[in-house]
Amino acid sequence: MKQFITFVRKEFAHVFRDRKTLFILFGMPVMQILIFGFALTNEVKNSKIVIVDQARDLASQQIITKIEASRYFEIEKMVMSGKEIEAAFREGKIKLVVIFPSNFNETLLHQNKGQIQVIADATDPNTANMLTNYVSSIIQDYQKSLDITQSVPYVIVPEVRMLYNPQLKGAHNFVPGVMALVLMLVCVMMTAISIVKEKETGTMEILLVSPFKPVLVILSKAVPYLFLSLVNVVSILLLSVFVLDLPINGSILLLFVESTLFIITCLTLGIFISIKTSSQQVAMLISLMGMLLPTMLFSGFMFPIENMPIPLQVISNAVPAKWFYIIVKSIMIKGLGFSAIWKETLILAGITLFLFAVSLKNFKIRLA
Amino acid sequence: MRETVIKTEKLTKRFGDFVAVNEISFEVFKGEIFGFLGANGAGKTTAMRMLCGLSVPSSGVASIAGFDVYKQTETIKKNIGYMSQKFSLYEDLTILENIRFFGGIYGLSDEQIKSKGEELISQLGLQKEAKKLVASLPLGWKQKLSFSVAVLHQPKIVFLDEPTGGVDPVTRRQFWDLIYNAADKGVTIFVTTHYMDEAEYCNRISIMVDGKIEALDSPANLKQQFKVDSMDEVFYQLARGAKRGD
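Line by line, the protein sequences are chains A and B.
Using the numbering used here, the letters of the first sequence map in sequence onto residues 12 to 379.
Using the numbering used here, the letters of the second sequence map in sequence onto residues 1438 to 1683.
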């Protein structure tokens, strides 16, 4: 144990003595939080929606048919209770609910005014905005078709509600994304490089000849980065709460536990890369191209996964950042508890275990 | 009878069809400076790696300080020191930090590290540099420091893999003073080198050609045996026949 502490202390000395590393470690999260202030917009197709038709009359049926025909929407279910709607939102299955009040047609015909409620999941504000706009234009379109036969215009007012994120803050969306990105970068690249560096300079050989156990070499390499990454999580959260005015709706403890799990996933990935490579450049390249790019593309924080072709959607499942992104979004923004994210947590843990087993096996082969 | 600290019998390492080390048998005694010579690719490094417990032999028997290289690698590691041809201290740590680290992973107590570290630094005359980064030292000093760190935990045997590569003759001479010093204290030195003047400093040397030990004796006896005046010529006569190159 004393040997282990000696080793970990040495690792910290390496990190703190290297200004460039320090800058990457602590400067990057701040930069990214500030840079990603502008989220990207994208078209959204085939979003699953739910329709609650309490009216069941001519007008509501006609509007529903119009919505159904649009390529933006796919009607998941009809008529649900308020409880069911909430459950569907929490699972993240549906993006939008359209509610027709009872007597919709009657009110429309007699008072020339109808109301439709539109509720959107606004954790992803761009998507929510677009979807509500689509619905509104469909309704307006219907309204116009009525106007042809009527002298007094009919007015249908869609009453839009943005769930979870009423002000449509873009920050809601990118903070979990940046968290995933930064942790991925810090943990994977830094660990991989720091282990490969020892191989390159020849100190790894000395360590392997020493009575210090090889597995401990790897573990003690990971400890400082686990610690530093947690510091990063804290700084990102502080920035988002105090600079971006984004509250943390769920349990902070749970957020930290899940972050630790994701950090460990990334550390094992870094260890895996370091075992497979023998130069710092290669390790860096693989970490950047092989990890960063999929994280950006497939975590769902820049480009909606629902919108990708099926093969890419399947691939996205293998990207740990995707699951972490869902978890952080659920905890921070939706304020959900463990019961809502246990599946994602399990998948992350599974990926970690798998990577760890593969790394351990390969490490032994190399020593033989 | 002198105490045997390294003993191998038909020690062999194969990589697929390639026999890197072919049935080498030899003994090294306590306090001896044993030169392990051979052209590039002769199998020196592979043999050394097996003795250090870094690589598992394909066949044959070997014991280091009385411990078996197959089963007792962990015990062996506690009893040996190792210095490789690459400079292998941490350049971004200070001299003191390096001493503390390597002392620490060999399980020395804080007091031991302190007293031995001070002794080492004064022996090398590095008092003023103790808190400087190793990167700022000249290569010769780095190599001397590297050796001193390798014997810090008082190993029974020290393996030196081409320790003086790229070092000037004066520093090399000083480096060998350190080796003699350690040998006088009973540390066995197992050293590979390409410098034939260094071979002359050894008590006994072996010369490996194509994975086999072709000659093993004291430098004086070898010169007599091959009827030549210098180790250079002994080495040349043996290595000329080698089929493997780089």
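Among the hints, a few may not be true.
DSS-like cross-link-like pairs, simulated, lysine-lysine; straight-line CA separation at most 25 Å [unchecked claim]: (1) A:372 <-> A:224; (2) A:224 <-> B:1515; (3) A:13 <-> B:1444; (4) A:13 <-> B:1660; (5) A:210 <-> B:1551; (6) A:372 <-> B:1553; (7) B:1569 <-> A:224; (8) A:208 <-> B:1579; (9) B:1523 <-> A:224; (10) B:1569 <-> A:155; (11) A:208 <-> B:1553; (12) A:31 <-> B:1515; (13) B:1551 <-> A:31; (14) A:13 <-> B:1515; (15) B:1565 <-> A:13; (16) A:210 <-> B:1569.
Here are the computed distance ranges between Cβ atoms for each label pair [to be verified]: (17) B:1562 <-> A:33: 42 to 50 Å; (18) A:295 <-> B:1477: 56 to 64 Å; (19) B:1546 <-> A:373: 56 to 64 Å; (20) A:295 <-> B:1602: 22 to 30 Å.
Derived list of chain A stretches under chain B, where covered just means 3 residues or more per stretch with a C-beta under 8 Å from a C-beta of chain B [said to hold, decoys possible]: (21) 92-98; (22) 211-222.
Calculated directly from the structure, the hints in this document are not laboratory data.
Keep in mind it's a predicted model, so treat the numbers as computed, not measured.
Ideal Cβ positions, reconstructed from N, Cα and C, are used throughout, including at glycine.
Outcome of the hint check:
no.	hint	in the structure
1	A:372 <-> A:224	holds (15 Å)
2	A:224 <-> B:1515	holds (12 Å)
3	A:13 <-> B:1444	violated (33 Å)
4	A:13 <-> B:1660	violated (51 Å)
5	A:210 <-> B:1551	violated (28 Å)
6	A:372 <-> B:1553	violated (38 Å)
7	B:1569 <-> A:224	violated (29 Å)
8	A:208 <-> B:1579	holds (19 Å)
9	B:1523 <-> A:224	holds (22 Å)
10	B:1569 <-> A:155	violated (82 Å)
11	A:208 <-> B:1553	violated (28 Å)
12	A:31 <-> B:1515	violated (36 Å)
13	B:1551 <-> A:31	violated (32 Å)
14	A:13 <-> B:1515	holds (16 Å)
15	B:1565 <-> A:13	violated (29 Å)
16	A:210 <-> B:1569	holds (24 Å)
17	B:1562 <-> A:33: 42 to 50 Å	violated (34 Å)
18	A:295 <-> B:1477: 56 to 64 Å	violated (31 Å)
19	B:1546 <-> A:373: 56 to 64 Å	violated (36 Å)
20	A:295 <-> B:1602: 22 to 30 Å	holds (29 Å)
21	92-98	violated (count 0)
22	211-222	holds (count 10)
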